[in-house]
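Spelled out from the first residue to the last, the chains are:
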Amino acid sequence: MKITVGDVRLFFDVDGAQIVPTDEGFAERPTVVLLHAGPGADHSLYKDTIGPPLARVAQVIYFDQRGDGRSDRSNPSRWNLETWAEDLRMFLAELEIERPVLLGTSVGALVALEFASRYPEQPERLVLTSAVARPVHARSIAVFDRLGGAEAGEVAARYFGDPSEITFAEFMRVCVPLYTRSGLDPEVIARMEMNPEATQHWDRYETQRVDLREEVAAIRCPMLLLAGEDDPAFPVTGVEELAGALPERLLDFRRYPNAGHGVFRDAPQAIDEVVEWVRRGP
Amino acid sequence: MRVQVGDVRLFFDVQGAKLRPKGPWLEERPTVVIVHTGPGVDHLPYKNHVGPALAAVAQVVYVDLRGHGRSDAGTPDDWNTEVWSSDLHALFERLAIERPVLLGAGWGAYTALRLAARWPDAVSKLILSNPNARFVTQRSVAAFDELAGPEAGEAAFRFFSEPTDQTLGTYLRVAFPYVMGPGAATDALVRPEWHFELAVHWSRTEMRTIDLRGELGAIEAPALVVAGDVDPQYPRASIEEVVDGLQDVRVEWYRGARHSVWRDAPESLALIRDFVAAP
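Keeping their order, the protein sequence lines are chains X and W. Just so we're aligned: 149 in the working numbering is position 147 of the first sequence, and the numbers increase by one with no gaps anywhere. Just so we're aligned: 682 in the working numbering is position 204 of the second sequence, and the numbers increase by one with no gaps anywhere.
What the hints contain is simulated information worked out from the structure, not anything from laboratory work. Values in this document were obtained by computation on a predicted structure and should not be read as measured data. Where hints are given, some of them may not hold.
To be verified - Simulated pairs of lysine to aspartate or glutamate, EDC-like, Cα-Cα distance not exceeding 16 Å:
id : chain 1 : residue 1 : chain 2 : residue 2
1  : W       : K603      : W       : D752
2  : W       : K603      : W       : E671
3  : W       : K500      : X       : E189
4  : X       : K4        : X       : E96
5  : X       : K4        : X       : D50
6  : X       : K4        : W       : D665
7  : W       : K603      : W       : D726
8  : W       : K500      : X       : E195
9  : W       : K603      : W       : E576
10 : X       : K4        : X       : E98
11 : W       : K500      : X       : D187
12 : W       : K500      : X       : D50
13 : X       : K4        : W       : E506
14 : X       : K4        : W       : E571
Can you build the whole structure from these sequences, using the hints too?
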């Protein structure tokens, strides 16, 4: 399905009913909105990991951010956290989704943080996977170096120093396979409708100015923060920095050894933990 | 979820993803939109039987029609199949639901048929359970007499000829159990959110005039009709009028099945599922 939100049409998919039959009648379940990694990736990344198990306990809404997947491309000047958070606000309003659980991975988690900082009363809870308060390329390069040797570190440095089609192609070939420890299934990549221009735009312009360390103090809902200790994209040092900026009493921070970016592919037990956390309620 | 469509907000719920991973692709599955029976009940009963069965092969969209369940009530002037079919068509455009399979059950089949006749391109397939093209009072009263006895026949006659809160109440108590079957009738009364004012209003107005026989020929979508032969509210002769009017139709009769065909004849679910899944 698609819905017009401001100046764009956003693609969304749904799994799991909101109202389900029970022995006593009918019960309303929570709604979980999944914010995908990227930019330049799409919602399909969740369809073989956390999406289907979550649909057993909640209504799951997948959607493609502006610029990504099956949603309108819009233009590069709108590919930023502020716009994505406003898109999310309007999307929720158009569909009358009230007090959802927001689950974001990577840049999707930054959208969730931006949104929850602006509208603290809106989300019921946040699940943040591989989230940082600010992307620091030097930290990433160091982890690529550690995981893939000097060549990986150099390729990452070349790409972050000058994101272009050529350096991105090299980054895709050498560095992206290091995102997960268990090996990245090529079919997962093939299923995405990618927008490499959005990825490069993010790494060239947006990463320089994103810094959520102050604003996230405004968040008022419980948060589950998951970090992979071998994540080269958003290294665990950055996740720790974010954890330090979040209200401590609302935070449940869990680290997974031998797990890379997005956690779920390398540490499937994290999927069960998230499902249980959502099912248990606030 | 609820979305603004024209002057009302319509509630809809969804079961089953539209796109599913299949090797290196996302496989696109059909969308089935369920138009609930009525008048005056909501989509909830479909979550017990036909909805989950179809979610195995399709994305299932449940909708509460205007005036029903969790959707806005609107005004009585708009409680008719002309408006309900327009609402659904507008909902498809609003949510970019392209050429869905439309499932109309009992009273919901009036709206489903009307939509498919007005916008033949907007519907890929039709699934109808106990559809009627018009309501023939004497035919239904005679069926209640025959299948449920004179007391039920009398209650049905009174409600059909003078729909009020009182006659509806008696009808629901005495006659309705024969429409659904006794256990199912209690369920159908207790589980959904009823809107009795709408039920009475529609029975006083459009029920007396509706006649889709002349419109059926405009429908292009292939149709599957699953039919119970002992539903006194939607009698066999009236179902046959629909079958006769459709261009591309397969009908499957289930002996002893009442209003909720898939409840009384669960084997019909496999037939419906295969019809949806077929290319």
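Evaluated hints:
| no. | hint | verdict |
| --- | --- | --- |
| 1 | K603(W) x D752(W) | holds, 12 Å |
| 2 | K603(W) x E671(W) | violated, 28 Å |
| 3 | K500(W) x E189(X) | holds, 9 Å |
| 4 | K4(X) x E96(X) | holds, 11 Å |
| 5 | K4(X) x D50(X) | violated, 21 Å |
| 6 | K4(X) x D665(W) | violated, 35 Å |
| 7 | K603(W) x D726(W) | holds, 10 Å |
| 8 | K500(W) x E195(X) | holds, 15 Å |
| 9 | K603(W) x E576(W) | holds, 12 Å |
| 10 | K4(X) x E98(X) | holds, 15 Å |
| 11 | K500(W) x D187(X) | holds, 13 Å |
| 12 | K500(W) x D50(X) | holds, 10 Å |
| 13 | K4(X) x E506(W) | holds, 14 Å |
| 14 | K4(X) x E571(W) | holds, 9 Å |
The structure fails hints 2, 5 and 6 (numbered hints given earlier, in ascending order).
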